[in-house]
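Enquirer: Starting from the structure of chain A, add chain B where the hints point.
Respectively, the protein sequence lines represent chains A and B.
Mind the numbering: the first sequence is residues 71 to 375 in my numbering, read in order.
Mind the numbering: the second sequence is residues 71 to 375 in my numbering, read in order.
Don't read these hints as lab results, they were simulated from the structure.
In this text the structure is predicted, and so the values were computed from the model without any measurement.
There are no misleading hints in this set.
No copy is singled out in the list; a pair is fine if it fits within one copy or between any two copies.
For lysine to aspartate or glutamate, the following EDC-like pairs were computed, each having C-alpha atoms within a straight-line distance of at most 16 Å:
(1) 232 with 313
(2) 192 with 152
(3) 130 with 152
(4) 309 with 214
(5) 192 with 156
(6) 72 with 258
(7) 198 with 98
(8) 198 with 252
(9) 301 with 319
2 protein chains.
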Amino acid sequence: MKRVAVLTGGVGGAKLVLGLQHMAQPVEISAIVNTADDFRHLGLHVSPDIDTLLYTLSGKANRAQGWGREGESWAFLAALRELGGEDWFALGDSDLALHVLRSARLGSGEALSTITGDFAAKWRITAKVLPMTDDRVATWLDTDVGPLEFQRYFVEQRCAPKVSRIEFRGADSARAAPGVVEAILGADVVLIAPSNPYLSVDPILVVPGIGKALRASAARVIAVSPLVGGKAVKGPTAKLMGELGIAVDNDAIAAHYARLIDGLLVDNGDPVTPGKIAIGRTDTLMTTIEDRVRVAEAALALASE
Amino acid sequence: MKRVAVLTGGVGGAKLVLGLQHMAQPVEISAIVNTADDFRHLGLHVSPDIDTLLYTLSGKANRAQGWGREGESWAFLAALRELGGEDWFALGDSDLALHVLRSARLGSGEALSTITGDFAAKWRITAKVLPMTDDRVATWLDTDVGPLEFQRYFVEQRCAPKVSRIEFRGADSARAAPGVVEAILGADVVLIAPSNPYLSVDPILVVPGIGKALRASAARVIAVSPLVGGKAVKGPTAKLMGELGIAVDNDAIAAHYARLIDGLLVDNGDPVTPGKIAIGRTDTLMTTIEDRVRVAEAALALASE
Numbered sequence: 071m072k073r074v075a076v077l078t079g080g081v082g083g084a085k086l087v088l089g090l091q092h093m094a095q096p097v098e099i100s101a102i103v104n105t106a107d108d109f110r111h112l113g114l115h116v117s118p119d120i121d122t123l124l125y126t127l128s129g130k131a132n133r134a135q136g137w138g139r140e141g142e143s144w145a146f147l148a149a150l151r152e153l154g155g156e157d158w159f160a161l162g163d164s165d166l167a168l169h170v171l172r173s174a175r176l177g178s179g180e181a182l183s184t185i186t187g188d189f190a191a192k193w194r195i196t197a198k199v200l201p202m203t204d205d206r207v208a209t210w211l212d213t214d215v216g217p218l219e220f221q222r223y224f225v226e227q228r229c230a231p232k233v234s235r236i237e238f239r240g241a242d243s244a245r246a247a248p249g250v251v252e253a254i255l256g257a258d259v260v261l262i263a264p265s266n267p268y269l270s271v272d273p274i275l276v277v278p279g280i281g282k283a284l285r286a287s288a289a290r291v292i293a294v295s296p297l298v299g300g301k302a303v304k305g306p307t308a309k310l311m312g313e314l315g316i317a318v319d320n321d322a323i324a325a326h327y328a329r330l331i332d333g334l335l336v337d338n339g340d341p342v343t344p345g346k347i348a349i350g351r352t353d354t355l356m357t358t359i360e361d362r363v364r365v366a367e368a369a370l371a372l373a374s375e
Numbered sequence: 071m072k073r074v075a076v077l078t079g080g081v082g083g084a085k086l087v088l089g090l091q092h093m094a095q096p097v098e099i100s101a102i103v104n105t106a107d108d109f110r111h112l113g114l115h116v117s118p119d120i121d122t123l124l125y126t127l128s129g130k131a132n133r134a135q136g137w138g139r140e141g142e143s144w145a146f147l148a149a150l151r152e153l154g155g156e157d158w159f160a161l162g163d164s165d166l167a168l169h170v171l172r173s174a175r176l177g178s179g180e181a182l183s184t185i186t187g188d189f190a191a192k193w194r195i196t197a198k199v200l201p202m203t204d205d206r207v208a209t210w211l212d213t214d215v216g217p218l219e220f221q222r223y224f225v226e227q228r229c230a231p232k233v234s235r236i237e238f239r240g241a242d243s244a245r246a247a248p249g250v251v252e253a254i255l256g257a258d259v260v261l262i263a264p265s266n267p268y269l270s271v272d273p274i275l276v277v278p279g280i281g282k283a284l285r286a287s288a289a290r291v292i293a294v295s296p297l298v299g300g301k302a303v304k305g306p307t308a309k310l311m312g313e314l315g316i317a318v319d320n321d322a323i324a325a326h327y328a329r330l331i332d333g334l335l336v337d338n339g340d341p342v343t344p345g346k347i348a349i350g351r352t353d354t355l356m357t358t359i360e361d362r363v364r365v366a367e368a369a370l371a372l373a374s375e
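Isolated chain A (complex conformation):
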């Protein structure tokens, strides 16, 4: 069976992994997930991208909302508000179980990778879900309102501040989590999900062991562009590219991943200047499950060229 490693952030990457899972020809999937968005909130360790993977791959994700669980209830948040607790980050009643149990197990010395693997097994997820590292890495943004930790920027401030610099604190000394290097070295294809290259994929790439494994791997490396019609499907990618002085187009994406990828999959409607990198095309907007399978198959087809 073909082995595919996927470097992924949250929503876009989870859709691609789901597409890989539903292909007619089954593949062995290792999702290597960004944890630089992880943060402590009310004393709880929240791992937004891992949770999005777990919810999406187990069929529990709230698709309309784009985050959290389907059929969620909010009694905790209402009670927290009564008591004067911080309510800018919405923690649903069911969602809390992940955070509370993860925090308790981390507190008793277990590794994030072990806990994540157990959760995935409990929910019968067949793909391997691997945090990029068990060490603490945190995305901080220099903005026009001062330095902000990622979730403060993303959720509390709704991406409104202007970003001048992105920093992944702790990344230099972080070790790849167990299974990550093996997944990359053993892969036939490495996919870079259509997640935010600067905020969601870069923190994975800067973990030294992961960068080293990617350079050493014989796998074809294919990125799926996060742009559709010259815009990001979701989140602050396009706004951020503008603020960082980067053109919002696939040439910029190709340049960003230049030394790493063998091919870039772009949307049918989007231009890209021919260069050294192989270009694949499909409709990359992933709304239905068929869309996700089509994008996954197109990415693997590009790898086989």
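Expert: Coordinates of chain B only, in the frame set by chain A:
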């Protein structure tokens, strides 16, 4: 206004304090609450007796159930179970807000007494709710199945194990929380609630600063017997007394508090041998709010004799 300090465990004491609050003649109330039942569960600091006071005095308690909140939902616990988390201690979705916020604030260095005071203020509770101590005291029981921390015995094992010895770990070196000694020294009357004398009241009495304040106080000290018809209204009091070789009657209760109290309020139907301690009588079963007011008034009347 008459100042009343109440030494209290959970349910029975909360009813008495509610009775004091609803008397025609208002009194200034300080509830000094047992915290030796506190424990960490899933990394969260749970304070069962404080929570019972907070819920009861703010009108949020689930009266039928005897613990937790009215109108509680259980999505968290269901999700926790899916993930293989320990579910023997039922944490409701709304109830979790207390535990999560308290744990987060304790984790950032705040004192339990400060946090409890803030929660009581948010819920407009007029009585002072004071944890007996901000230090860690833990009730452990020697039983026929080995040593058990209180909640394991009380909730998980449903009081089934036979108890041979009770220990309050940390009590010897615990300091009374801010306001506790002042409440006792400034009180006109100190009431001992009809809580379990051995499990809920003793841990308060053994905190050195509290014992010393009670000996120094000029207040009349009145205990309300936890026995009604020769049985405890709730919980393991009678079973425990039997296992510890203590007769289940008011003479034993009077003897237990002998050097501390000036009077004992007992149920109309229960015998007690005349002795040095003044005896008061009323129907001590507290089902309705009128019952609670009657018991509170009878206890204060006994103090005035």
